[in-house]
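Peer 1: What follows is each chain in one-letter form.
Number of protein chains: 4
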Amino acid sequence: MTGNAVEKDRLLAFSDGVIAIIITIMVLELKVPHEATLEALTPVIPVFLTYVLSFVYVGIYWNTHHHFFHLVRHVDGLMLWANLNLLFWLSLLPFATGWMGENHFAPVPTAAYGIALLMPALAWYGLQSAIIRKEGKDSTLARAIGRDLKGKISPVLYLGGVLCSFLDTRIATAIYVLVALMWFIPDRRIERAIRRP
Amino acid sequence: MTGNAVEKDRLLAFSDGVIAIIITIMVLELKVPHEATLEALTPVIPVFLTYVLSFVYVGIYWNTHHHFFHLVRHVDGLMLWANLNLLFWLSLLPFATGWMGENHFAPVPTAAYGIALLMPALAWYGLQSAIIRKEGKDSTLARAIGRDLKGKISPVLYLGGVLCSFLDTRIATAIYVLVALMWFIPDRRIERAIRRP
Amino acid sequence: MTGNAVEKDRLLAFSDGVIAIIITIMVLELKVPHEATLEALTPVIPVFLTYVLSFVYVGIYWNTHHHFFHLVRHVDGLMLWANLNLLFWLSLLPFATGWMGENHFAPVPTAAYGIALLMPALAWYGLQSAIIRKEGKDSTLARAIGRDLKGKISPVLYLGGVLCSFLDTRIATAIYVLVALMWFIPDRRIERAIRRP
Amino acid sequence: MTGNAVEKDRLLAFSDGVIAIIITIMVLELKVPHEATLEALTPVIPVFLTYVLSFVYVGIYWNTHHHFFHLVRHVDGLMLWANLNLLFWLSLLPFATGWMGENHFAPVPTAAYGIALLMPALAWYGLQSAIIRKEGKDSTLARAIGRDLKGKISPVLYLGGVLCSFLDTRIATAIYVLVALMWFIPDRRIERAIRRP
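Protein chains in written order, with the working numbering: chain A, 2 to 198; chain B, 2 to 198; chain C, 2 to 198; chain D, 2 to 198.
Honestly, the hints are just simulated from the structure, not real lab data.
Identical chains blur together in the list; that is why a pair holds if it fits in one copy or across any two.
Listed next, the in silico BS3-like pairs over lysine-lysine satisfying Cα-Cα at most 30 Å (straight line):
#, residue 1, residue 2
1, Lys153, Lys138
2, Lys151, Lys138
3, Lys135, Lys153
4, Lys9, Lys135
5, Lys9, Lys151
6, Lys151, Lys135
7, Lys138, Lys9
When you get a sec, could you build the whole thing from the sequences and use the hints?
Peer 2: Set out below in structure tokens:
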């Protein structure tokens, strides 16, 4: 049915737009230094590193979104809102990125950053559930997701990072980097499912 | 006719772009605090709550826009301008959001926020009229809209909120939240009309 | 040929994106006042009025762009750059808008605003020439454009506005509003050409 | 296969969105002067000139991206990340543009600008390799790219610009302008390859 394809196209176009803007306004936190020396870049370094991490995270979400919706055949009202919910939490990432970067990985902002990663992860889980609810448990997508170990471990790890922030922010940051690396590898499950006829 | 489909596609793409940017620049009002304590987040809370409310409103407009244009078959010059008029008023929402949030729901900004909700509601009514004028009163869309009770009550409620702002801003805010909840439920009329052959 | 359709689609998508952002970042010049009184809005009024005017201008460019490319069949390298040239000059409109608005229509910013309107008008003329060069002088589009009186008069009027800025900025502003009104009416020539088989 | 076309469409839509935002937020570095005199524009001039140069560079990347993906038939996970890598480095251009412009082409920011041009050039090379790896060395695209002299010389020239920044920033800037001019001319190789059946 063409109507449904249009609905899905627009959901994707809107999501792409919002994600493109989120990924780009984060760079605005990199404030142009007023002096023209190399030393003037020193305070920008932690902000830059946080930007890299957040860019990778938003990139991962976009990639996974991209792969998932490839297999989605029907879009309904619940999915529209579950998707908006995901975009809402992702839109807070620039704030958390700026706070952690500007304060050189201090405990409270580092914990807040972990929560800013936890919330879209939960929202993603919600979106995934809304999709499976519509597609059915025997759909290609549901079977492709399978037990979804990565999706279930990530929130636990983010929570671990939040708690570790008050012990040693380096452990917390290491966890955030680790989860990013874990997701960095493209989701073979989906690619396999697409290739299967 | 393919030409008309292209026209509609572009109107939707442009609207999606503008709405995506509006929904995202609102988050820029959440200013990154300079201190790294939990207390530093306290002044951000009202700005955050206003952001949530405005995000939901813009999300509602996008969803309704999405549903409506699903049934639109012809795009003309009047509709292009009626649509731009809607986008114009929506573009003022970040300003009103920032003003109400930063001033912790003071009377004048709360009334201004109500007007910032009223204007796109009226613009929406104009867009709807432009569409029905083109599609005809017996079109699927016109019948799907029906008596449009929600669309007619909302402006009255916003006006009520504006007036209540000078009595007690909590009542005004409650009204704004209520109307959002009322629209939050996806428009069954349209979904039904799409399903019907 | 499908390849060419893709090329055109992407040119339109990119233009829509840039125009959507230009039209939206102009609203960032409306700085949220720190006080919560009606008087605090007074300095915002000229910025708001300039925003309205610039919004209408960008809307006109988008609408005309929309109508024109409807009839474009081939996209070449020259058109890509002529289009980027138009987008470049349009991207300076927010700067000119902010300068004129913040300085309450002072002579120099009002003249600068006129130049900011003149440059995209010339760039538009360039884009139009690049299109006709490719489509041919006997193409539907070339015939639809015809003598292009509006397109030829506008730059002269903008120049008039620039000069008048140093006599009385009210005359200059009146001219800018007038040209906007002149273009506001959708281009019947194109609509007629589309309808013709 | 339709699925692959959707994947490519979304990669292009997302890239167009990010590039459109990058090209537009650079204009935010043009700070509106508080005074209404012509002299108040003087400090804006170097920022403006840098903006023009960066706009042309981003325009070149968009144009080349546009031409390249025209011939890409398959999109895989590696290409998605190679593309995100390119967008990441392009997203730092506004920062480098602002720094060089505000400091009137001082040595360190001018060298930093050269690095900000070098990195996307390397990322582009990576993306090109990821595409050829998938398309095959005998594909239309691989043959169209050929020996890719321009692509190989550019990074060397950027590096030369970086080094020259510490001798005379005018030489460095001249090199950056030169490379831009070299790419400005649309890539005939690709256009020829498209036309060939």
